[in-house]
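Taken in sequence, the protein lines are chains A and B. For the first sequence, the positions run 1 to 306 when the working numbering is used. For the second sequence, the positions run 1 to 274 when the working numbering is used.
Hint data in this document are derived by calculation from the structure and do not stem from the laboratory. We treat Cβ as the ideally placed atom computed from N, Cα and C, and that holds for glycine. Please note that the accuracy of each hint is not assured.
If we take Cβ atoms under 7 Å as the criterion, some of the chain A residues that face chain B in the derived model are [claimed, not checked]: (1) A88; (2) R91; (3) E92; (4) A106; (5) G108; (6) T150; (7) L171; (8) R182.
Here's the letter readout for the chains.
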Amino acid sequence: MANPTLSWNLVHDVHELLAYQFMVNALQAGTIVAVMAGVVGWYMVLRRQSFAGHTIAVMSFPGAAGAALAGVPGAVGYYLTCGIAALAIGREGGAGRRGRSRESAAIGVVQVAGLALGFLFLSLYSGVLEQLETLLFGTFLGIDRNQVLTLLLVAIVVLVALVLVGRPLLLASLDPEVALARGVPVRALDFGFLLILGLAVAATSQITGALLVFALLVAPPAAAQALTPRPGPSLVLSVVLALLVMWLALGISYFSIYPLGFFVTSLGFGVFLLAKLTGLARARRVRRGRGQDGAGSQEPQPVVAA
Amino acid sequence: MQAPAIELREASARIGARPPRAVWSGVQLTVCPGEFVAVLGSNGSGKSTLLKAILGLVQTPPGTVEVLGGPAGAANREIGYLPQRHGFDSTLPIRGVDLVRLGLDGSRWGVALDISGAVRRRSRERVREAIELVGASAYAERPLGELSGGEQQRILIAQALVRSPRILMLDEPLDSLDLPNQAAVTALVQRICRTENVAVLLVAHDVNPLLPYLDQVIYLAGGRALQGAVEDVITGSKLSELYGVEIEVLRARDGRLVVVGQPEAPHVHGHRHD
Chain A
1 MANPTLSWNL
11 VHDVHELLAY
21 QFMVNALQAG
31 TIVAVMAGVV
41 GWYMVLRRQS
51 FAGHTIAVMS
61 FPGAAGAALA
71 GVPGAVGYYL
81 TCGIAALAIG
91 REGGAGRRGR
101 SRESAAIGVV
111 QVAGLALGFL
121 FLSLYSGVLE
131 QLETLLFGTF
141 LGIDRNQVLT
151 LLLVAIVVLV
161 ALVLVGRPLL
171 LASLDPEVAL
181 ARGVPVRALD
191 FGFLLILGLA
201 VAATSQITGA
211 LLVFALLVAP
221 PAAAQALTPR
231 PGPSLVLSVV
241 LALLVMWLAL
251 GISYFSIYPL
261 GFFVTSLGFG
271 VFLLAKLTGL
281 ARARRVRRGR
291 GQDGAGSQEP
301 QPVVAA
Chain B
1 MQAPAIELRE
11 ASARIGARPP
21 RAVWSGVQLT
31 VCPGEFVAVL
41 GSNGSGKSTL
51 LKAILGLVQT
61 PPGTVEVLGG
71 PAGAANREIG
81 YLPQRHGFDS
91 TLPIRGVDLV
101 RLGLDGSRWG
111 VALDISGAVR
121 RRSRERVREA
131 IELVGASAYA
141 ERPLGELSGG
151 EQQRILIAQA
161 LVRSPRILML
171 DEPLDSLDLP
181 NQAAVTALVQ
191 RICRTENVAV
201 LLVAHDVNPL
211 LPYLDQVIYL
221 AGGRALQGAV
231 EDVITGSKLS
241 ELYGVEIEVL
251 RARDGRLVVV
261 GQPEAPHVHG
271 HRHD
């Protein structure tokens, strides 16, 4: 591959990006992963399960290393360990806040054990050292058609599942007791969501690496939720931001010598920071406005003309 | 006389596993539509458990719980339920209207085919009505975490009301509210109880803010329940019998009741969610 050069001509740059099949594959895979991470991550952040998500992500590292050691395709290892981690975390947790705090201790233990196992597998495999970096920090080189198709399949499964359970899951996340009283199977949904999260994480970490999958799962949804309290627009915004981060990161890393994961993470962090600052500024403006008129009903577009 | 909305016959509840502890037993209760009933008793006396039994979430062998003419749990769509809670996380990115909306359709699976948008318009209208009913229109569009305790409580009552339930069960809705807000919320609940002919069960710690509004009280103590008008139930002799120790009820000049000498039931917080 000739050294790619970045010019001021954007059309030319994009043209150059798409000249190679591996880059087309990377962009397609990245797009699929971003949409999935934007949606699943939105629920994860809302449910305050980021720590669980991070642990499942870390578990993809021993999965991939173990798969290499056993001589099976890496994807098998990813889905296997992420699934097991999701099940283990789900078994420990219960409904409500109390369940979640108990969850966090179990999660910490799973996470450390996973990292240790990963390193053990890797040293037993005694493969090239470079692979460690790829597993942890991701790569966009060498994604083949089959991987793209598998990702697409997983994404469809994940998104269809979320569309079907979306509303009860939202109610169960915000208000488990009311959900239970209304006949929503809260415990099953807790479990089901962790499995969905495991699937999405396993798929995503094949591109972003085990440590940085988190950037894509957390930063765009957290930014979106800081920007708007409306569930629908917030979910859409989460996907848009994830796509933006992914495309920009892929574009930049094509023209640069630094790893993809670094750019995904930095851009994600940047988006999150900007959103937080915007949110803070708005909250201050609202507070000041409320202080002035005392009663405090200066919403921009009230639905009710009381 | 109309058919009772809730009827418990010889009902007993146990909570916890190894060993299960009887919370109350042999309980007989009747609540009619349009009645405003307070559920009183000290910590651990089983007030929340009573609501859960009515929802069918706690079994009551060998007695029965009949709700709206059927077994408990069968008509939960007709029950507006506000569980006991401790306020929302201030960073929760959701508005009051969204929470009320979830009260309407939060238990529906999948996506509705709604090409003309008629269902959506009807839902929005119903949510708006419920919010107006509790007087929360001014702040329903703001993030829940930014609202005060009283404002959140009104939104939650709107959520419980949005399906026009025939039974409303509120678990300590006055907790963490200041006195003017306690009075306002109680008056609001009473108004809904009367105008919509809803049977209301309201769990409270202190009967005094409720006195001007109540029809009846259910007093839980010593594993038993006593139901009746305030002046019949909250008396020295009745409560002494219930608790099994000497209890004195004093009536202040403004009508407020002071119960002296009631023992606290053993705490069960550690086991409640196991």
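Do the hints match the structure? See the list:
| no. | hint | result |
| --- | --- | --- |
| 1 | A88 | violated, 20 Å |
| 2 | R91 | violated, 15 Å |
| 3 | E92 | violated, 14 Å |
| 4 | A106 | violated, 16 Å |
| 5 | G108 | violated, 21 Å |
| 6 | T150 | violated, 26 Å |
| 7 | L171 | holds, 3 Å |
| 8 | R182 | holds, 4 Å |
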